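Protein chains in written order, with the working numbering: chain A, 1 to 388; chain B, 389 to 892.
Derived from the structure by calculation, the hints contain no laboratory data.
Don't take each hint at face value.
Not everything, but these chain B residues come out facing chain A in the computed CB check (under 8 Å) [as the list claims (entries may be wrong)]:
(1) Lys822
(2) Thr825
(3) His830
(4) Ser835
Dumping the calculated EDC-like pairs for lysine to aspartate or glutamate here, alpha-carbon to alpha-carbon at most 20 Å [unchecked claim]:
(5) B:Lys501 x B:Asp413
(6) B:Lys763 x A:Asp333
(7) A:Lys388 x A:Asp274
(8) A:Lys353 x A:Glu379
(9) A:Lys81 x A:Glu52
(10) A:Lys292 x B:Asp840
(11) A:Lys292 x B:Glu656
(12) A:Lys353 x A:Asp371
(13) B:Lys757 x B:Glu739
(14) A:Lys383 x A:Asp274
(15) A:Lys288 x B:Asp780
(16) A:Lys296 x B:Asp456
(17) A:Lys292 x B:Asp839
(18) B:Lys757 x A:Asp371
(19) B:Lys792 x A:Asp274
(20) A:Lys296 x B:Glu831
(21) B:Lys467 x B:Asp456
(22) B:Lys757 x B:Glu734
(23) B:Lys763 x A:Glu306
(24) B:Lys792 x A:Glu315
(25) B:Lys626 x B:Asp687
(26) A:Lys288 x B:Glu739
(27) B:Lys757 x A:Asp294
(28) A:Lys236 x A:Glu363
(29) B:Lys467 x B:Glu656
(30) B:Lys792 x A:Asp333
(31) A:Lys236 x A:Glu306
(32) A:Lys296 x A:Glu234
(33) A:Lys37 x A:Glu102
(34) A:Lys236 x A:Glu102
All values derive from a computational prediction rather than experimental measurement.
We put the beta carbon where it would ideally sit given N, CA and C, even for glycine.
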Amino acid sequence: MSQALQRTAAEQALGISLPHRRMEDWRWTDLRARISKPYVPQNVVAAAQDVERLLASSPFARAARARVVFVNGVLDEAHSKLTGLEISKSCAAIAMQDPVLEMNAKLQPQGVTLKFVGQAELLVEMIHISTNANARAMGLHNAIEVAAGASASVIETFLGEGDYVMNAVTQVTLGKGAHLDRLKLQNDAAAATHLSHVIYDLGENARLNDITVTIGAALTRQNGTCTFNGENAEAKISGAYLQRNKQHVDTALVINHAVPHCTSREMFKCVMDDHARGIFQGKVVVAKHAQKTDGKQSSHALLLSENAEFDAKPELEIFADDVVCGHGATAGDLNHDHLFYLTSRGIPEAEAKSLLIAAFVGEAFDLVANDDVRDALVELAEKWVTAK
Amino acid sequence: MADQDTINLVKTIEVDKYKYGFETDIESEYAPKGLNEDIVRFISNKKGEPAWMLEWRLEAYRVWQQMDEPTWARVHYPKIDFQDLYYYAAPKSMSAPKSLDEIDPKLLETYAKLGIPLKEQEILAGVRKQGEKSKLDDEGNEINESRVAVDAVFDSVSVVTTFKDELAKAGVIFCSISEALREHPELVRKYLGSVVPQGDNYYAALNAAVFSDGSFVYVPPGVRCPMELSTYFRMNAKNTGQFERTLIIADKGSYVSYLEGCTAPMREQSQLHAAVVELIAHDDAEIKYSTVQNWYPGDAEGKGGIYNFVTKRGDCRGDRSKISWTQVETGSAITWKYPSCILRGESSRGEFYSIAISNGRQQVDSGTKMIHLGKNSSSRIIAKGIAAGRSDNTYRGLVSAHRKATNARNFTQCDSLLIGDQCGAHTVPYIEAKTSTAQFEHEATTSKISDDQMFYCMSRGLSQEESVALIVNGFVRDVLQQLPMEFMAETQKLIGISLEGSVG
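Build the full structure now, drawing on both the sequences and the hints.
Here is the structure:
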């Protein structure tokens, strides 16, 4: 089908065909129609004061002890704090194929591999800054490897100004018994397009606690593929959307239970205001011999405006019989009873609303292990609610 | 009690589970093999249809030729050769019977064997003259005689419609669609294709071009249909496709309950069944549509069986109207079926209750669509899928609320039960909320019969199969309760039979 379509100016600039709504996985996010102008890949040199201003705006500036700074898709060692990190400037190739990965490869992305072998001592922040310059496309390809028995805590932050397409691919590999707390905060520029794909590979007894908070960008599409390669592993993948105006977020997450005795938990809390549109496509695949799988998935949407929209496709694909799998999805506005309860006790309506919204997304933040990071997120959410 | 019936029945069943697999030896008249415009003309001519109907069919045929076969469903089957089928088959003796006495006794025998009463019985269920013994069937079970009007469809033609006169007294029109085209063309013309247009999808277009028979129901304003209506579809002739079309209109403030049943002989070759059902509910009207689908599912190796590609859609056109679908899917090699509701009227309501059981090599891809367009519309979906043997069972559904459908409300529950480690159960729901005032809830679970449940039952002396039947009957209870009384017990038995041999 895509071959038959004539390439748009944007597609010519990127050198690939973009996915469109006739493709099942992209039915709610028509990238071909949404990316309307040509974003040419180019290197931009940023002014030091721009970089410092953006760096300071990260809510984790205090909590993070080590920093890996990327400016416009290029590692900036001068602003980074790399002491105590095992870092190499190459990443393993990716065997998978999808439109985000295809574009990523075309953009000749730079990136690093962060390797963790001991116990987590440092909270590491990988921060990706995009400065205001010509409209352009950038690629990133990073890897986080946690060796057998090791543990790590990593934050990936995206901040920016101006108009750009950010395509970030992250490979997360957990060895036997490894433990990783990962947080992604996407607060890209209001006009930006954020595309990402996170590939998780979990070894035996590995523990993953992954949270994605999506606030920025006009258009976000985040893919995730999580594969269990060893038994008794556990993955918690959660997310929160705080979206307004005409923002659009689409999460497509696939959990592959390829081996028995693994547990997966997904929880997405999505807040949409104005004309924002949130989408959650979650798929849990249980292979034929993956008995004793325990998979639970939930997506909850809070629609604050008449014009906000939420679409969900929580999918289960199960080939093993001895499993416990389930999903739940809800969509609705603020509970009027709750609101009435609060206002009848003298709390002004606006304040009551923000309390309820904060409590709604707070459920996702509660999963963050580090207190400082959690507080920073709560503060960020409060700021978002009151910004209106 | 009913559980006990199931258990007893499961016990008595032999290897050959499909008891409706016999073939009636009756001389049939066929249309020439294959499909082209002349065949469409042939069918239309056979039915003595008006010119506009032929045009309508031909239009559908031309649309169909432009379309591609859908491949998105999770079903796999060899490509169907649409030129290798007979599109019309009718018993030769069927030229124009005027009353029951004129019908070929072989046909009557067939329906008697299937347990479908074509003679209008005067006895109400449970009411018997003093001293009269209750009637027993061959197996010694008591026959419940209730008053159900039946339209019996054999291959491409309707054999007989019972209780017509009594229904006519109430103003209800219940006849075959061919007859409706002759007697009430204005009604058919007004409503046919208004819910499922000719070019709606590949199989609906095929059906629109070649549909042969089916039922037509019109309930006038304010009338509560005095009895259950039902249609019984029987496929008999070899290499034929059955394409029936059902149209039910419930005018303002009326109520009708309709049930369809289907069976087919056991054959090595697969047969195609592509039906279209359209329901229209005006203001304050209610339609309850129940299906017990028991087409031949094919043998244990997946040879033969019916390909069941059905488009069913209800249109809650009026305010406060209600459409309720209840389906029990146990047969067919392949099921591709999504009974839907368009909730157009304010405060309209759609319901979908489904039990889909797959065993052997059956493939089921079924579910529903609830499209909320009217204010305060509400819907409820309860789907229970049971996969056993080497089958695949998929629930695929859509719940959407349009921007103007303020206060739309939906509750969805789809549960899957897996029996054995060779089968698959899948859930593919789509949820689209375009207004903040919509309240949507969806939950789904997949599990197997737990060891605890089995242990509990078996420690109390039930055999493994009895335990499974008991637990499964409990699993599907929510849906069973939605079926008309007469069919509940029958269905419970059917569930037991369908799962026979799936454990151990």
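Tested hints:
no. : hint                : verdict
1   : Lys822              : holds, 5 Å
2   : Thr825              : holds, 6 Å
3   : His830              : holds, 4 Å
4   : Ser835              : holds, 5 Å
5   : B:Lys501 x B:Asp413 : holds, 14 Å
6   : B:Lys763 x A:Asp333 : holds, 16 Å
7   : A:Lys388 x A:Asp274 : holds, 10 Å
8   : A:Lys353 x A:Glu379 : holds, 16 Å
9   : A:Lys81 x A:Glu52   : holds, 14 Å
10  : A:Lys292 x B:Asp840 : holds, 15 Å
11  : A:Lys292 x B:Glu656 : violated, 38 Å
12  : A:Lys353 x A:Asp371 : violated, 25 Å
13  : B:Lys757 x B:Glu739 : holds, 10 Å
14  : A:Lys383 x A:Asp274 : holds, 17 Å
15  : A:Lys288 x B:Asp780 : holds, 12 Å
16  : A:Lys296 x B:Asp456 : violated, 37 Å
17  : A:Lys292 x B:Asp839 : holds, 13 Å
18  : B:Lys757 x A:Asp371 : violated, 45 Å
19  : B:Lys792 x A:Asp274 : holds, 16 Å
20  : A:Lys296 x B:Glu831 : holds, 11 Å
21  : B:Lys467 x B:Asp456 : holds, 12 Å
22  : B:Lys757 x B:Glu734 : holds, 18 Å
23  : B:Lys763 x A:Glu306 : holds, 13 Å
24  : B:Lys792 x A:Glu315 : violated, 27 Å
25  : B:Lys626 x B:Asp687 : holds, 17 Å
26  : A:Lys288 x B:Glu739 : violated, 34 Å
27  : B:Lys757 x A:Asp294 : violated, 29 Å
28  : A:Lys236 x A:Glu363 : holds, 13 Å
29  : B:Lys467 x B:Glu656 : holds, 16 Å
30  : B:Lys792 x A:Asp333 : holds, 15 Å
31  : A:Lys236 x A:Glu306 : violated, 32 Å
32  : A:Lys296 x A:Glu234 : holds, 12 Å
33  : A:Lys37 x A:Glu102  : holds, 19 Å
34  : A:Lys236 x A:Glu102 : violated, 27 Å
Checked against the numbered hints above, the structure breaks hints 11, 12, 16, 18, 24, 26, 27, 31 and 34 and satisfies the rest.
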